[in-house]
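Asks: Chains as they are written, first to last, in numbering that gives the first Met the number 0: chain A, 0 to 594; chain B, 0 to 190.
Please note: incorrect hints may appear among the correct ones.
What the hints assert, rightly or not - Pairwise CB distance ranges (calculated): (1) B:Glu60 with A:Glu28: 39 to 47 angstroms; (2) A:Glu204 with B:Ala136: 30 to 38 angstroms; (3) A:Phe175 with B:Ile51: 55 to 63 angstroms; (4) A:Glu200 with B:Asn50: 51 to 59 angstroms; (5) B:Thr154 with A:Arg323: 38 to 46 angstroms; (6) A:Glu204 with B:Asn50: 31 to 39 angstroms; (7) B:Pro169 with A:Lys141: 48 to 56 angstroms; (8) B:Pro76 with A:Leu240: 32 to 40 angstroms; (9) A:Gly74 with B:Thr154: 55 to 63 angstroms; (10) A:Glu204 with B:Thr59: 37 to 45 angstroms; (11) A:Arg323 with B:Thr59: 33 to 41 angstroms.
What the hints assert, rightly or not - Below, a list of computed lysine to aspartate or glutamate pairs in the DMTMM-like style, where the Cα atoms sit at most 20 angstroms apart: (12) A:Lys544 with A:Asp396; (13) A:Lys348 with A:Glu229; (14) A:Lys393 with A:Asp362; (15) B:Lys119 with B:Glu80; (16) A:Lys544 with A:Glu517; (17) B:Lys63 with A:Asp325; (18) A:Lys194 with A:Glu229; (19) A:Lys141 with B:Asp31; (20) A:Lys213 with A:Asp362; (21) A:Lys393 with A:Asp260; (22) A:Lys351 with A:Glu236; (23) A:Lys141 with B:Glu33; (24) A:Lys308 with B:Glu80; (25) A:Lys308 with A:Asp325; (26) A:Lys213 with A:Glu360; (27) A:Lys194 with B:Glu152; (28) A:Lys194 with B:Glu80; (29) A:Lys543 with A:Glu517.
Claimed, not checked - A partial selection of chain A residues facing chain B, derived with a Cβ cut-off under 7 angstroms: (30) Arg131; (31) Pro132; (32) His155; (33) Thr159; (34) Pro315; (35) Ser316; (36) Phe370; (37) Val542.
These aren't lab readings, by the way, just hints derived from the structure by calculation.
Virtual Cβ for every residue (Gly too), placed ideally from N, Cα, C.
The residues making up each chain are set out below.
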Amino acid sequence: MSNGMADGDDNQMTGAEIVVRALRDNGVEHVFGYPGGAVLPIYDELFQQEEVEHILVRHEQGAGHAAEGYARSTGKTGVMLVTSGPGATNAVTPLQDALMDSIPLVCITGQVPTTLIGSDAFQECDTVGITRPCTKHNWLVKDVNELAATIHEAFHVASTGRPGPVVVDIPKDIQFATGTYVSPQTAPRTSYQPKMQGDLERIKEAVKLMAGAKRPVLYTGGGVINSGTEACHLLRELVELTGFPITSTLMGLGAYPASGDNWLGMLGMHGSYEANLAMHGCDVMVCLGARFDDRITGRLDAFSPNSRKIHVDIDPSSINKNVRADIPIIGDIGRVLEDMVRLWRATVKADKKAIAPWWKEIDSWRARDSFAYRPSDDVIMPQYAVQRLHALTKDRDVYITTEVGQHQMWAAQHFGFEEPNRWMTSGGLGTMGYGLPAALGVQIAHPDALVIDIAGDASVLMTIQEMSAAVQHNAPIKIFILNNQYMGMVRQWQQLLHGNRLSHSYTEALPDFVKLAEAYGGHGIRCEKPGDLDDAINEMIEVKKPVIFDCRVANLANCFPMIPSGKAHNEMLLPDEATDEVVATAIDAKGRELV
Amino acid sequence: MNAQHLQPTGSAYFISKETEFMESRTLSVLVDNEPGVLARVIGLFSGRGYNIDSLTVSETEHEKHLSRITIATRGTPHVLEQIRHQLERIVPVHRVVDLSVVAKERGQDRALERELALVKVQGKGEDRVEALRLADAFRASVIDANTEHFIFEITGRVSKIEQFIAIMKPLGLVEVCRTGVAAMNRGAEGM
């Protein structure tokens, strides 16, 4: 960040110049966007400089997800730039996505000139009104002299506390007007003061409870990753010190390595048997940066009935929202973990034997091998495809994004993540079409890395146009489609809930993905036999341009294990028990109302 | 662990069947007086399905651009806790004080609450005399009148206003305008 320029002679400039200068001063190197009438002055400024690189997408939704992928894989704030009206409304999906997954995102929108606001002008919409519920905060800038400070504040709000998306709406006349630029100040508004340091007495209490636990479990989430790499190191240290088993939400994968001894796998609706039973049977649950989402808890009144719960979160409204915490600690995960680790070292005599019987029990659950599937020599099982993908890429600098559905769950189950910020997926909102543009964003941030979007054939078509953006920007992303010709998760639910009536979940006229890749100027690969898979994956890795990999997998494979809606953690449906009859009756009338 | 042997259960979305009782609370919310701040607060209530019984807002500290929003709401203790935390999350919100809780902490029955209402009554003869007599009993003052109507101004607790309006109904009530509740705690300390 530059400083001291604020009072120089060069602080008078147009609003558009202020925008670009403010981006630079907030450390922005890449902006994802799409031009239009109401942002042309900003685009004109971008044209005349080289510090901030603009990545042209093909749809504003793509810009948002690309910025999310960029943010998630770097720990920095993602930036998107779109025009008024449809530009802004197209940005709504990624904004809500970033809100639910706590991704720092600054979205700059053009707006019609202030004199026309409210007149139903061409490409006018009430952007701050529309985006108010899907942002952490938003601003309409009506005075060019407030523009710089507003953008700085936007970056501050997006990236601090519980991170999230913000919108700065800038009318076109403000972009043309001349005003004063001020540098980023470290004087945030008084009403916004996220609490970082956890209450030490509470942390002491928590450590004491943990030290006495016989059946403990660590349940971690995306908050650990948001807190930063230091928090992930501390988490690993805490696991090492305590010997506790650890599970994580979808968003938290990679904070603790999948190859670690204490790893139980992901928990929740499609989580592992051992993770869910450990949650159900524990006596002390330590929740770090997770929010007891309904995909995690299953039936709430039967959720982990005999445990005392420690809940650490930076957002006070997450605490006691779904599940009552016995020891709530509000603060940044990294800071709280620092205190926890220090206190544990100072006060607890390490006796991992006390939890040996608990581990024995967990090992018996592990032996059930709940992610198992029936292998096949004739067709590629989707789980097998993910396993091979992992095996052939794990020694590389690899980043994985996904779309939403069965393939996403298989990726989470079978691709072992060793490091944080390597796994980009749409958790809270469940946005089909997230993965391809997110991969673009990741690749822009890490040009030499191997970036793979594990996709489904239905999801990928929602944002397939960003292939064109990937080709334009030489982003050699790999779109690995587990193609079963169905909206697999929709079909799975129709089998579970609706008497196997597969209403509109079969895609009759899928494109030829190989030709499609070639049409975009990328490279297409199709693979139909398990025996050909390794060679095909290696080919994909070697090609230095965007690849669409059409991996034809078993059409009717379903995603297990599963906690059916309205059931508890200890009522999992395991793959070897999931006969057609069981699947058809697994969810009762009450559970059917749920999603 | 075979799912087919299980009894029908509740729902994944149940917040364990709220068995707690609904309580009424009055919240004071100190906010930056900037465009959209009221929409943020109201949007929070509608978006998350919370109740608003009454809402009043006005700038209270002009130099600091601070407004004070008073919200009367209802909910279970669990929901009320969520409302407070969700309000605190809004960026321009400085403080949220549950006046009812503060009153209890200070050993008081409840916070001071006042509302103002304008009540228009039309009538002749006996009804008109009766309306005026009752207004006097309620310490309502006449702020406009001709030979066929009165407009009364009445201030007091919500229950008093409601009682007054109910009494005026058969005497020719035409229309009512109410301000909503203004509230603060007793004692020397501020919010």
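Asks: The structure should be examined with respect to each hint, and the outcome stated for every one.
Replies: Hints and how they fare:
{"no.": "1", "hint": "B:Glu60 with A:Glu28: 39 to 47 angstroms", "result": "holds (42 angstroms)"}
{"no.": "2", "hint": "A:Glu204 with B:Ala136: 30 to 38 angstroms", "result": "violated (58 angstroms)"}
{"no.": "3", "hint": "A:Phe175 with B:Ile51: 55 to 63 angstroms", "result": "violated (41 angstroms)"}
{"no.": "4", "hint": "A:Glu200 with B:Asn50: 51 to 59 angstroms", "result": "violated (35 angstroms)"}
{"no.": "5", "hint": "B:Thr154 with A:Arg323: 38 to 46 angstroms", "result": "holds (42 angstroms)"}
{"no.": "6", "hint": "A:Glu204 with B:Asn50: 31 to 39 angstroms", "result": "holds (35 angstroms)"}
{"no.": "7", "hint": "B:Pro169 with A:Lys141: 48 to 56 angstroms", "result": "holds (52 angstroms)"}
{"no.": "8", "hint": "B:Pro76 with A:Leu240: 32 to 40 angstroms", "result": "holds (37 angstroms)"}
{"no.": "9", "hint": "A:Gly74 with B:Thr154: 55 to 63 angstroms", "result": "holds (56 angstroms)"}
{"no.": "10", "hint": "A:Glu204 with B:Thr59: 37 to 45 angstroms", "result": "holds (39 angstroms)"}
{"no.": "11", "hint": "A:Arg323 with B:Thr59: 33 to 41 angstroms", "result": "holds (35 angstroms)"}
{"no.": "12", "hint": "A:Lys544 with A:Asp396", "result": "holds (16 angstroms)"}
{"no.": "13", "hint": "A:Lys348 with A:Glu229", "result": "violated (25 angstroms)"}
{"no.": "14", "hint": "A:Lys393 with A:Asp362", "result": "violated (26 angstroms)"}
{"no.": "15", "hint": "B:Lys119 with B:Glu80", "result": "violated (39 angstroms)"}
{"no.": "16", "hint": "A:Lys544 with A:Glu517", "result": "holds (11 angstroms)"}
{"no.": "17", "hint": "B:Lys63 with A:Asp325", "result": "violated (39 angstroms)"}
{"no.": "18", "hint": "A:Lys194 with A:Glu229", "result": "holds (18 angstroms)"}
{"no.": "19", "hint": "A:Lys141 with B:Asp31", "result": "holds (17 angstroms)"}
{"no.": "20", "hint": "A:Lys213 with A:Asp362", "result": "holds (15 angstroms)"}
{"no.": "21", "hint": "A:Lys393 with A:Asp260", "result": "holds (18 angstroms)"}
{"no.": "22", "hint": "A:Lys351 with A:Glu236", "result": "holds (15 angstroms)"}
{"no.": "23", "hint": "A:Lys141 with B:Glu33", "result": "holds (12 angstroms)"}
{"no.": "24", "hint": "A:Lys308 with B:Glu80", "result": "holds (18 angstroms)"}
{"no.": "25", "hint": "A:Lys308 with A:Asp325", "result": "holds (5 angstroms)"}
{"no.": "26", "hint": "A:Lys213 with A:Glu360", "result": "holds (12 angstroms)"}
{"no.": "27", "hint": "A:Lys194 with B:Glu152", "result": "violated (46 angstroms)"}
{"no.": "28", "hint": "A:Lys194 with B:Glu80", "result": "holds (18 angstroms)"}
{"no.": "29", "hint": "A:Lys543 with A:Glu517", "result": "holds (14 angstroms)"}
{"no.": "30", "hint": "Arg131", "result": "holds (6 angstroms)"}
{"no.": "31", "hint": "Pro132", "result": "holds (5 angstroms)"}
{"no.": "32", "hint": "His155", "result": "violated (10 angstroms)"}
{"no.": "33", "hint": "Thr159", "result": "violated (11 angstroms)"}
{"no.": "34", "hint": "Pro315", "result": "holds (5 angstroms)"}
{"no.": "35", "hint": "Ser316", "result": "holds (4 angstroms)"}
{"no.": "36", "hint": "Phe370", "result": "violated (16 angstroms)"}
{"no.": "37", "hint": "Val542", "result": "violated (43 angstroms)"}
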